[in-house]
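**Q** Chain residues, written in single-letter form:
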Amino acid sequence: MAEFYPSLAQCAIVAAAFKILLFPAYKSTDFEVHRNWLAITNSLPLWEWYYEQTSEWTLDYPPFFAYFEWVMSQVAKLADPHMLRVYNVEYDSWQTIYFQRFTVILTELLLVYALQMFEDSSHGASKRRARAAAISILLSPGLLIIDHIHFQYNGCMYGVLIASLVLARKKSTLLLSGLVFAALLCMKHIYLYLAPAYFVFLLRTYCLSPKSIFKIQFLNCVKLGAGIGAIFGIAFGPFAIKGQIPQILSRLFPFSRGLCHAYWAPNVWAIYSFIDRVLIVLAPRIGLSVKADSLQSVTRGLVGDTSFAVLPDIAPRVCFGLTLLFQTIPLLKLFFQPTWDNFLGAVTLCGYASFLFGWHVHEKAILLVIIPFSLIAVKDRRYLGAFRPLAVAGHVSLFPLLFTPAEFPIKTVYTIFWLVLFLIAFDHLAPASNRTRLFIFDRLSTLYITVSIPLILYCSLVHGIVFGKSYEFLPLMFTSSYSAVGVVGSWVGFLVVYFT
Amino acid sequence: MAGPSPSPHKPRRKAAAKRAGGNHDSSSSRPITADAHIMKPSFPLAAFLWPARGTTSQWELLPLILMAVGLFRWAAGLWGYSGFEKPPMFGDYEAQRHWMEITTQLPVSQWYFHDLPWWGLDYPPLTAYHSWLCGKIGSLIDPSWFALYTSRGSNDQTLKIFMRGTVVVSEYLIYIPAVVVFVRRFSRLSGVANWTASVALVAILMQPATILIDHVHFQYNTVMLGFVLASMSSMLAGRYLWSAVFFVAALGFKQMALYYAFSVFAYLLGNCLFPRVNVARFIGIATVTAISFAILILPLVLGTFSDVRRGIDARPDLDGPHPPLPLFPWIVNYMDTEAFYYPIVEQMVQMVHRVFPFARGLFEDKVANFWCALNLVVKLKQYPSELLQRAALVATLASIIPPNLILFFRPNKLLLPLAFATTAWGFFLFSYQVHEKSVLLPLMPMTVLLAGKHGLGKDMRAWVGFANLLGCWTMFPLLQRVELRVPYAVLTLLWAYLVGLPPTSLSAYFADGSSLWAQWGTALVHGAFYLAMGMWHVLEMFLKPPADKPDLWVVANVGVGAVGFSLCYLWCLGKLVVESDILPRSWVGKKGKSKTL
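Protein chains in written order, with our numbering: chain A, 384 to 883; chain B, 1483 to 2079.
Excised from the complex, chain B in its bound form:
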């Protein structure tokens, strides 16, 4: 791993092990034989890594972990992908393949304009460059995979293997190193023993939602998530400039990273102001961010220039004068459409227009967020879309301001995952144009909590597990459309089993030490949700929904999911409030589960 972490061969930190939570992780610094008969692993994943306690070197363990999680990824990839043999539009797989086709076959200036109804490019430039690279490599193997027009909707089996390969390789180059480095830094900061951190690492890497979406359904979310994690781990290491660079890369790969932008901003700004004002740092971060953005769009700009010089039109399908710009038609009033820089402006506006589809509705598909759930009660279509957009904006802001204010005033490294998770939950629940796959964004920072203090303790496992399993469950309608029930069931149940969660085990509940009230509360609430999810699967499997309500099961899924995710939001926020010590001591005794700000 390229991470510049402090010497990995340091002897185990004895003091750290004592402080770490959970009854399973405090023995790694002691010889095994002495007390092995008293200790026992409290969930199966800990049992699998049990023999590696103590003496086993990280450098023996890490390759094994990476191989094992890689095997599950590849095996999951043997199943179908989204849109497999589903004409006319196919699915996300076709979108990604199509982008490889257009980026390798068309001049740069046409990328964001080419035949938009057929999966027009609508991700930021880094995705385009990534597609170009993958497309170039793929064309070496078989040029017909990415031939212009004729390759559309290809279901070539070797192409599928190549595409799966690009996902795995991209993930192993970006996401996995980022996770490894982040887990190492975060666990050290939290005083967690190495062995425990390895357990958490496996739990994070086996997270079913990312495997299902990226390796089965087909997308490259882990690249973006990896950049975000790299940005977070740079924050942990105090390398703020790198953190800005990585975050720009994340944004440049997938605009969805904006879910985290507020937290990145709050943390970096907070670090420039507290405990004392540091102007140089601020200017440095601002400059590096600007330069990174410039580098990000540079290939696009240069390509457009070169195309203009060679007389290639960005929109060869149109004749006559320049068509009006989307989004900001007034720009034309301030500049000359024949000026040398106009094509660049046109490119940029088009890119922004493609990347941020302001024109679409509040929500597109059924997704388990607040609006879709509210729509079950109040038909939102009757309201004008401007009002809805404004409502979405206000609600989103209201939900994300509290966590980010905390992070801004208390820019504490250990709060990062919680603040990121809370903010992303806020966006997921209240912003508009949310996709069910976006649940990966709040899940990522929430899952890495496992590597933190008490990360593998009962309470944390229960909540992180609950969020993940609920997240997978809300994606089930998406997956079952292309017959992916089996990998869904296998990966989800396997993870639940490994981490010791319902429906395989109740061991994550009734933690020692917390109040009886909180124990029962968590157990009952989670129990009710797990029961609902199980019942839902039974109903969905054996009963057809009534003829007049064909979407009944999906709607029920959305409703339950939205409530569950709201609980996750509140839990993250509550935990953040408690951990940040902004409340008077006397309050903290009771569980900060309610929104107390």
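So here's chain A without its partners, still in its complex pose:
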């Protein structure tokens, strides 16, 4: 059995060294968010967790994440008990920083473990590719920027997701896969976006007989239902007893927010907004009417609650409908051909659909697409072709998260390093497909990738020199529109690959 190098553990060690060096780097308000949650879970009784509002960063993740914070807070006591006071808003002693940053690195071990599971579940020629894909996820610039600089715990949770995806590979662990995913949902509800794929896959492979879709495996249904019920019971039960579920739901799903996030995530609505902005200039000439009241907010550029000046406004219902529609299409194929590869494809496409059409999508959610896609990106050259623009667009779209000059070289050089390394490596590893490629996707994606260089230069350098502090929304708009084109392009490309 040929061994491949480097191993995941070796990469994890070197990556951890780099991440420790990033301790003093910029940290966003999410750092304070998580400190506050440590304080809430540690110092308040369970029943008050979802009511506490001393800090504006109230607890808005599901209960398992709160329990997770509670466990960490038990250790935090030893590092610096002051961080556990709810009223100590914005507290960031060096012990607090070291402790919180370190928990991110430590909990990310779950990701390493899950990736090792993924590698072990592959056999033969694909093992080498699995190693490459696993390392690419471990070293993902997305996780580095979001978790280790910006500050969040995605590494740990994507570890759970990948573990659950890998468990779905074997018939014997299907039940476990579903339960792990249920637990993940109780940690962070953003994964609800992927739930339809799980539902269809488990329904078809676990609850229905493999021979006929009209034969139901009742025992399996009971096991799965009871298991999921138990997990949700553990998570929400204590709060349900006191009738706090409506309060929790209002925290988890704040529908009062706008269509686009403050900074537009690179999805369909970013393109829509961009067209709207362009039409403001063009509308008088082609005889369209401009809504005067929305101009005010439009010119501010950085708005939470977007209203459009020329194009019709978008209702949440429209978003929801479109998301569901584009999730259903790939799920139909999954239902009739429930292979593991199709499952991964369907999970990825569910991520795509909800990212592209969702309401108030955050740019960080792009990981929901990139990470499942990475697992199958090296399957053959067609998959890789669709993955390439996503890898560029998805990561470039994260750049505005870090805007401080000290982190600029890190985010850009690291991302370029990762892109060069893995696009070259994947290119060597991905086998040719037995199907012919349909369109000139490769040419377009090369062109697309090339455009990113002047774009980054403009946004980070030229704009500042030419305009100084004014028109600050321009680079953001360009970045997100550019990235949106890439994400949409890769989505279309992947849809073609998935269905042919």
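Hints may be right or wrong, so weigh each one.
Said to hold, decoys possible - Here are the simulated lysine-lysine pairs, DSS-like style, with alpha carbons at most 27 Å apart:
(1) K1522/B / K510/A
(2) K1618/B / K852/A
(3) K1568/B / K2031/B
What the hints assert, rightly or not - Simulated restraints, written as ranges between beta carbons of each label pair:
(4) P788/A / M1571/B: 56 to 64 Å
(5) V1790/B / V834/A: 52 to 60 Å
(6) Q1587/B / P667/A: 50 to 58 Å
(7) T1640/B / P621/A: 45 to 53 Å
Everything labelled a hint here was simulated from the structure, so no lab data went into it.
Just so you know, even glycine gets a beta-carbon here, dropped at the ideal spot from N, CA and C.
Please arrange chain B on chain A, whose structure you already have, making use of the hints.
**A** Then chain B, alone, in the frame of chain A:
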């Protein structure tokens, strides 16, 4: 890379790969699949570059390497610098910033005279020009960073980023191209395969000591080291004139490059005499050296002239007649202080006076060299300083003459790093006014040995690694003063891990092929040192030194360090003796670890 090296796209050298040492590097010329299951990387760094064996082009690999090492540098730079929020004097960071301030704000003739107690300029002119350039660029971004007087002790966060940027850019313009070219030439000469050379390149660039001092603590040592390496690689290529130019640049940037001067001199002179006398070469080298020095001081001279013409006094704070010259007061007896050239003489003398602080003591801080260690046993203060200076001179000469004689009589390219390392160790251990940061000088040529024959073999890794880790350890007291324990621990352990050294691995010991005696000797001696270093860290962390001996930990560090560095000196010297073939064959069988000259 600008290096005029022979065609980089040459096919892999098959013959070379066979001769190269180590069990990991002989496969790069063969297809991977055939024997991949037999071979395995013997330390993690080789594992990381494992997929790049064979087919991967150097031009794909090199940018990745440069990006990766750059990321570690920049990330390390996020930490604090020397003297951060430590008034009244702050630290090296403030010194460098202050020089940017005075060179951009003051007339040239005042650079070496301005307010000397506040970090007066005490490096040679190239540093001053470099500061001027950085200061000019920085002033475009924010003039307040380098405003005269008011900017002192600035801890502006953007300024810090700019300063870190100047270090990285200077390093990528000088040191890194020099390392890349040197590694390429040296590995080819030594018959080492390309892939192995790339592994060595990463090991050299990740060397923790330079990152810690330049990118964390804050200095520009890599510029000087880069010029020295460029000089060495010109020697490898047989371009002796360029080698002289680069070495003058190194000296002109930091006088510390004098540590290598003897070896440069010995090698160049040796090349003019052996195998046959080559007068033209000698005259050429001498002329180019003189011209380079002239160009080096030219801006200073012209600036002084122009200042005199415009009536700007070099020392506006003084009234009345010319004050006596420092160092050489007798000069005034031979020349007219009103002559047109007198201000130039005054400038030059002042520069030399600033650059070579003869007036200071044998050693300033606690540093792991011979004198400081000796001071633990015999209190040296009781002796007159002239005697100590003379003793230092004699001891230094005694330690550097043997390696340089070898290099002079055997001007062999492959001996360069060893001879440079031995000479620099001699200076570090025995000369006076040594700073703990000076350990970078012997470490540099010793570390590039990794790119040579058997460079990644066990014995070489063990010793080069030992010197580097010990070097970092002796700089720990310096680093922990400004709370840099974390980057120290991370960078040092990371390098030890990558190269497969203690405390992460014992794989560098018990090499096949060498005698059992030598294996055990190396392992036990190194083991004892690593154990001492580890124990020391534990003690330093958890125990306060007794009240009457507040410096106990530092003193222990110095003592252990000095002994370890002496071993490194002896090892380099022994290796040099063996490699130079000056001993009869029959002697070489046993390990030339003792000083046999």
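**Q** When you check the alpha-carbon spacing of K1618/B and K852/A, does it fall within 27 Å?
**A** Answer holds: K1618/B to K852/A is near 23 Å, not above 27 Å.
**Q** What's the verdict on K1568/B and K2031/B, does the C-alpha distance respect the 27 Å limit or exceed it?
**A** 24 Å, holds
**Q** Regarding the pair K1522/B and K510/A, is the alpha-carbon distance no greater than 27 Å?
**A** Roughly 18 Å between the alpha carbons, so the hint for K1522/B and K510/A holds.
**Q** Is 45 to 53 Å respected by the C-beta to C-beta distance linking T1640/B and P621/A?
**A** 49 Å, holds
**Q** Okay, Q1587/B versus P667/A on CB: inside 50 to 58 Å?
**A** Roughly 54 Å apart at Cβ, these two residues keep to the hinted range, so it holds.
**Q** Quick check on a hinted range of 52 to 60 Å for V1790/B and V834/A, using CB atoms only.
**A** 57 Å, holds
**Q** Between P788/A and M1571/B, does the beta-carbon spacing fit 56 to 64 Å?
**A** 28 Å, violated
Hint violations for this structure: number 4 only, all remaining hints satisfied.
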